[in-house]
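Please put together the full structure from these sequences, using the hints given.
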Amino acid sequence: MDVPRIENRQPWQVWFRKNEKLAVIIVSAALIALAWLVGRYSPVASTVLMITAALVSGYRIALTAWFALRARIISIQLLVAIAAIGGILIGNQWEAAAVTFLFAFGSYLEARTIGKTREAIQQLLDLAPATAQVLRDGSEVTVAADEVIQGETVIVRSGGKIPVDGIIRKGDASVNQAAITGESVPLELEPESQVFSGSLVEAGYIEIEAQRVGENTTFARILHMVEEAQERKAPAQKFIEGFARWYTPSIIALAIFVGLLTRNVHIALTLLVIGCPGALVISTPISMVAGIGNAAKNGVLVKGGEYLEKAGKITLVAFDKTGTLTMGRPQVTAVVSFSGSEEDVLKLAAAVEKGSEHHIGRAIVTGAAGRNVANADEVKVFTSGGISGRVGQKLVLIGNRRLLEQHDISVSQAAMDWMETREHLGETPVLVAADQQVIGSISIADTIRPEAWGAIKALQAAKKRVVMLTGDNPRTAKAIADQLGLNEYRAQLMPEDKVEAIRSFRSEGHVVAMVGDGINDTPALAEADLGIAMGAAGTDAAIETADLTLMSDNLDKVTYALRLGRATLVNIRQNVAFAVAVVFLLVVGVLGQKVFLATGMLAHEASVMLVILNAMRLRSWR
Amino acid sequence: MTTKTKVTAKLEQLSCPDCANMIARVVAKIKGVEEAEVRYTTSKLIVTYDTVVTSWDSIAQSVAKLGYKILSKTTGS
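So the sequences go chain by chain: B and C. 625 is the number that this note's numbering gives the last residue of the first sequence; the numbers go up by one with no jumps. 279 is the number that this note's numbering gives the last residue of the second sequence; the numbers go up by one with no jumps.
You may find that some hints are simply not true.
Covered stretches of chain C (in silico footprint by chain B; criterion: 3 or more residues with CB under 8 Å from a CB of chain B, positions within the stretch not fixed) [to be verified]:
1. 218–229
2. 243–253
3. 266–273
No lab work stands behind these hints: they were computed from the structure. All C-beta atoms in this analysis are idealised placements derived from N, C-alpha and C, irrespective of residue type, glycine included.
As structure tokens, then:
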């Protein structure tokens, strides 16, 4: 570790320490320029200046080469150093200076530009607040954001950033969750709403009960995941790196062979300069880093570059219905009674469904809210769908026709007609029986997401096959599919049937994306080529399983993700094609004596830079 | 009681995957280093070493000798 020394440093010394690499480049460029200027008058002075320029820019390269060589590693720096020294020895000082200068300048520019590519992530990082206002012993204190204790009350005012994940206990505010969901439209949040660290309170005042802090917040985990995704090597990248490992020694061998055979040292040295297929090794990872960064900024988490590539190849998109194409908030739309009052049907059903986890059950309970609902005992849930329980003296059974008939309850024609009517509307009716008699039916419907139409149309316009998968009955499924303009759907599917459906699409040769809520369709997400979970802010399981996670509930992000995948794929292909062409042309050019040290290095560095710049276009892609 | 430790260090932005591989290979050759990896895209050095045989300082020194700055460091996985 450095011991801080108390010393009076001039400002330029401080600058030099921080920008050593840039300083070396500037000095060496100035020396080269000067060498050209004095060349006319004094060739000797010019030669000396050129050699000095080569030494200035080559010093660091040679040092690196030396330390790597001591560990018995042949580095690119070693090849460059040999080329430069060789250049001076054969009387080509200008080329030696150009080679070292271009290498140093190229490396500097490339590192800076790649740093820019990763800026999207840095911008996200900057959104995390460092401190939090916490209520302790009745007074407000400022603490570090990761030192907030779970359960504490955190206060955020207008213009402040939310430092923890938690629940609003007091106050209301308009909150911008762009950092998490990529949606910049602020939400009006009230007590009991969930809030996430990294969100911005645009106006209002809220008191939050802290639930997750520091490294455990959704935001921290997003950042962690994005970083891991960028580090993950795609298969294509591994292949290219394998090629490079083989290419560099081959070029060195070729250089030695050509040098010995033709006695042309110039060609041999030039071969060393092009010994690293720089543009090729960087082509894939740099596009992926840029693509993943763009996705993260828009609330789409990608598990790795290869999934972004896959998103670009999707030919069929399968959507889960409930909670994905629909809002996932079913409501009671109609109640019919065949004996007694409609009120009684709803109240009896609600009593049995009180503890139900099923979305239909919850809709019934919500529908009966405010009414005097009794308690049920002996509640039993059927795995095939349906529930039963005892309410007072009555044995109540709720389910579809099949379940009722299994319990020897006959369903009247009137009941069946009523159900059919509701199903044609895209609703899901259930039968309510008490003491072996159908007493009524409750119909439940979910609202289709407003952006669903646009998203499906966009996918169809992009020539993708779109299929809806649902556990609902065929009539309801058809009604919803018709409303959405979908001509393909599969109904009455159990989770394993969804897996089977995906498998059959894949065996037809489709590259399948499955879009679901990531909770009850996990197996289908895993079976698909690309599993997309939506609305995942706050749900860990979905983020774990899915290859692509949409932090928001917005279906438009599905089309965005697939388009971004396509753009990334195209970008990678452009880069690889260009890089392969450069490698080929350079080898041909050098052997054909058209390319020499300086031009070889220039072509090499310029090609790397072009590949990076091309990838950077993905950063601002929309 | 194990004397092995794992350190993740953030390096200055690397310009090419080759430099990343070179640093990793040089660090891996230090006596006492069990595993060294440099992730090019995020410029991270992840190294596992035996604290009895070598120290973080000597690892940091070889990285510095190769001409790369270490920006920050965290211990543990």
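These are the hints, each one checked on the structure:
1. Proximity of the stretch 218–229 of chain C to chain B, defined as three or more residues with a beta carbon under 8 Å from a beta carbon of that chain, is established by the 7 residues found.
2. Counting residues of the stretch 243–253 of chain C whose C-beta lies closer than 8 Å to any C-beta of chain B gives 3; at least three are required, and the coverage claim holds.
3. Counting residues of the stretch 266–273 of chain C whose CB lies closer than 8 Å to any CB of chain B gives 3, which reaches the minimum of 3, so the coverage claim holds.
Checked against the numbered hints above, the structure breaks none of them.
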